[in-house]
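Engineer: Sequences and hints are given; from them, build the entire structure.
So the protein sequences, as listed, match chains G, R and C.
First residue of the first sequence? That's 1 in full-length UniProt numbering, and the numbers climb one at a time after it.
First residue of the second sequence? That's 1 in full-length UniProt numbering, and the numbers climb one at a time after it.
First residue of the third sequence? That's 1 in full-length UniProt numbering, and the numbers climb one at a time after it.
There's no promise every hint is true.
As the list claims (entries may be wrong) - Reference excerpt, derived from the structure (chain C facing chain R, CB under 8 Å, subset only):
{"id": "1", "residue": "Pro4"}
{"id": "2", "residue": "Leu10"}
{"id": "3", "residue": "Ala14"}
{"id": "4", "residue": "Ala19"}
{"id": "5", "residue": "Val27"}
{"id": "6", "residue": "Arg28"}
{"id": "7", "residue": "Val38"}
{"id": "8", "residue": "Leu40"}
{"id": "9", "residue": "Leu43"}
{"id": "10", "residue": "Thr45"}
{"id": "11", "residue": "Pro50"}
{"id": "12", "residue": "Ala58"}
{"id": "13", "residue": "Ser61"}
{"id": "14", "residue": "Pro65"}
{"id": "15", "residue": "Arg73"}
No wet-lab data here; the hints were simulated from the structure.
Ideal Cβ placement from N, Cα and C applies to all residues, glycine included.
If you want the building blocks of each chain, they are given just below.
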Amino acid sequence: MTRRLRMIVLALGGAGLAALFVAACFGMPGFGGDRHPYGDRAVHASLARRTANTISSVNFDQRAFDTLGEMSILFTSVLGTVVLLRQTRDEKRGRPQPQEVALPVRRYALVVLPVALVSGLYVIAHGQLSPGGGFQGGVVAATALHLLYLGADYRALERIRPIGVFEVGDALSASAYLVTGLAGVLAGTAFLANTLLPYGTFNTLSSGGTVPLLNAAIGMEVACAIVILLARFLDQAVEIEEDNGKR
Amino acid sequence: MNGWTWTATIALGVGVGAAVWGVVTGPLRRRVVAQNLSSALAAPGLLLLAQGYGRPAYVDLALLLALLGPVGTLVFARLLADDLAGDPPRAWAVTLAVAGYGAVVVLVLCAVTGPGRAMVKLLVVGALLIGGNLVASRALSGGFPGSRRG
Amino acid sequence: MDDPLIVVVLLLVAAAATAAVAVRDPVRQALVLAVLGVCLALLFTVTQAPDVGLSQLAVGSAVTPLLIMLSVRKVRRRQQDGKEKER
Chain G
1 MTRRLRMIVL
11 ALGGAGLAAL
21 FVAACFGMPG
31 FGGDRHPYGD
41 RAVHASLARR
51 TANTISSVNF
61 DQRAFDTLGE
71 MSILFTSVLG
81 TVVLLRQTRD
91 EKRGRPQPQE
101 VALPVRRYAL
111 VVLPVALVSG
121 LYVIAHGQLS
131 PGGGFQGGVV
141 AATALHLLYL
151 GADYRALERI
161 RPIGVFEVGD
171 ALSASAYLVT
181 GLAGVLAGTA
191 FLANTLLPYG
201 TFNTLSSGGT
211 VPLLNAAIGM
221 EVACAIVILL
231 ARFLDQAVEI
241 EEDNGKR
Chain R
1 MNGWTWTATI
11 ALGVGVGAAV
21 WGVVTGPLRR
31 RVVAQNLSSA
41 LAAPGLLLLA
51 QGYGRPAYVD
61 LALLLALLGP
71 VGTLVFARLL
81 ADDLAGDPPR
91 AWAVTLAVAG
101 YGAVVVLVLC
111 AVTGPGRAMV
121 KLLVVGALLI
131 GGNLVASRAL
141 SGGFPGSRRG
Chain C
1 MDDPLIVVVL
11 LLVAAAATAA
21 VAVRDPVRQA
31 LVLAVLGVCL
41 ALLFTVTQAP
51 DVGLSQLAVG
61 SAVTPLLIML
71 SVRKVRRRQQ
81 DGKEKER
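Structural biologist: Below, the structure is given as structure tokens:
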């Protein structure tokens with residue numbers, strides 16, 4: 001195939017794709033209209049199960065199986081990072097040097113760390129009530145821990161972050177999600193069906209049946225996964241260096 | 001649209017537009033300042049939108065931005081300390097002006113909300129926003145002296 | 001309808017996203033990406049999707065810049081080590 005022929009094939013394919021996109025655009029419902037057939041049904045189902053935040057109801061009740069898939073994507077990608085960024089035989093681990101930090105920055109980091117941690121837990125706990133949920137809160141909580149790296153140095157972070165505990169926590173919370181799903185099967189309905197618990201009072205923390213449970217499992221899974229992910233990157237960037245002596 | 005969302009439209013268009021312009025052009029010291037100010041300019045806009053839509057739950061977005069925006073700037077300040085050491089950013093006038101803008105928005109919204117839990121939350125967002133913004137500016141101009149690695 | 005608001009925020013996203021592609025240096029790209037994250041969170045908010053906006057803020061404002069900047073630091077250190085070895 002000559003270069004010219006390749007360009008012609010590319011142009012044909014691109015033109016076809018563009019034509020399909022244009023055709024699809026004309027077939028779409030108007031922007032921001034008030035007719036949402038799926039939305040109406042989702043809101044109805046979420047109110048029937050007394051979950052104030054419809055998005056949480058979709059994520060952890062109506063489409064809980066999809067969330068299981070997303071959780072396993074995060075789990076396996078973190079696993080892949082752990083394997084790729086491990087310390088290989090020709091690398092050695094240096095000790096991170098302490099870092100001077102200006103006093104206001106250090107104080108800010110130490111004050112905001114607990115605030116951010118509590119905000120993360122707040123976002124997880126209110127997932128069924130207000131915008132937010134396990135994923136968002138988990139990321140915030142994991143970010144909060146890393147303020148210790150930003151406000152002090154890597155050794156300070158390593159002291160409060162036993163990586164083994166977080167790896168176990170990651171696996172445990174992933175299985176907690178599965179076990180909650182299987183409990184539905186044992187109770188005689190279906191996998192991840194929201195029939196185990198009473199639906200509770202609308203717009204309170206204890207509402208939505210299994211939604212808060214699955215939410216908490218996701219929150220813990222995401223927080224642990226992000227901590228492990230960043231730990232591997234930090235190890236590579238700060239500690240692990242190529243062993244120059246041998247080669 | 002009501003007055004709140006119109007104000008948010010103008011504030012976001014001008015403020016965040018300027019931040020985008022600042023982060024795209026110019027030397028590194030200007031870009032980091034623009035990145036820092038982008039969160040301080042967007043969070044008051046989010047508060048105005050929460051008021052305009054009549055949805056207090058949207059304040060959570062501003063809370064998270066006020067918490068994590070300065071943390072993001074600290075990341076850049078920490079890991080670019082060597083690059084910024086020779087040419088530190090000096091933009092206290094702009095930083096203080098943006099902090100004042102955040103304070104005005106928070107105080108106006110507090111006056112409209114009236115005393116209660118919602119007002120406490122607004123004040124917390126405001127304190128985190130202004131404090132974080134100022135500390136992040138301080139971190140950018142020599143917050144990590146003598147940086148080698150670690 | 002809040003059309004002017006959506007148009008303004010869409011324009012901001014378009015400008016920041018184009019710039020994120022056009023800027024070539026990874027460090028500056030990370031800075032533009034952080035601002036693009038804020039713009040995207042605004043877009044999700046004005047189209048009434050605060051959950052997605054929160055996800056974008058949580059991931060885009062601190063975790064993504066940290067990952068990119070740590071990778072940059074690793075690459076730079078390796079280049080420095082290589083230069084020292086040559087001497």
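Engineer: A separate judgement is required for each hint: does it hold in the structure or not?
Structural biologist: Evaluated hints:
Here the hint on Pro4 (chain C) is kept, as its CB sits about 6 Å from the closest CB of chain R, short of 8 Å. Annotation: interface hint on Leu10 (chain C) violated; nearest CB of chain R at approximately 11 Å, more than 8 Å. At a threshold of 8 Å, the smallest CB-CB gap from Ala14 (chain C) to chain R is about 10 Å, leaving the interface hint violated. The restraint placing Ala19 (chain C) at the interface with chain R holds, with a minimum CB-CB distance near 4 Å, inside the 8 Å limit.
The interface hint given for Val27 (chain C) is met, as the beta carbon of that residue sits about 7 Å from the closest beta carbon of chain R, less than 8 Å. Interface hint at Arg28 (chain C): satisfied, since its Cβ lies 6 Å from the closest Cβ of chain R, which is below the 8 Å cut-off. Because the smallest distance between the Cβ of Val38 (chain C) and any Cβ of chain R comes to about 5 Å, under 8 Å, the interface hint for this residue holds. For Leu40 (chain C), the interface hint is violated, the least distance from its beta-carbon to any beta-carbon of chain R being 11 Å, above 8 Å.
At a threshold of 8 Å, the smallest CB-CB gap from Leu43 (chain C) to chain R is about 10 Å, leaving the interface hint violated. The restraint placing Thr45 (chain C) at the interface with chain R holds, with a minimum CB-CB distance near 6 Å, inside the 8 Å limit. Checking Pro50 (chain C) against chain R: minimum C-beta separation of about 6 Å stays under 8 Å; hint holds. Proximity of Ala58 (chain C) to chain R holds as hinted, the smallest CB-CB distance being about 6 Å (cut-off 8 Å).
Hint status for Ser61 (chain C) relative to chain R: holds, with the closest Cβ pair at about 4 Å, below 8 Å. The criterion of a C-beta within 8 Å of any C-beta in chain R is met by Pro65 (chain C), whose closest approach is roughly 5 Å, and the hint holds. Taking 8 Å as the C-beta contact cut-off toward chain R, the hint placing Arg73 (chain C) at the interface holds, the least distance being around 6 Å.
Going down the numbered hints, you'll see the structure goes against 2, 3, 8, 9, while the others check out.
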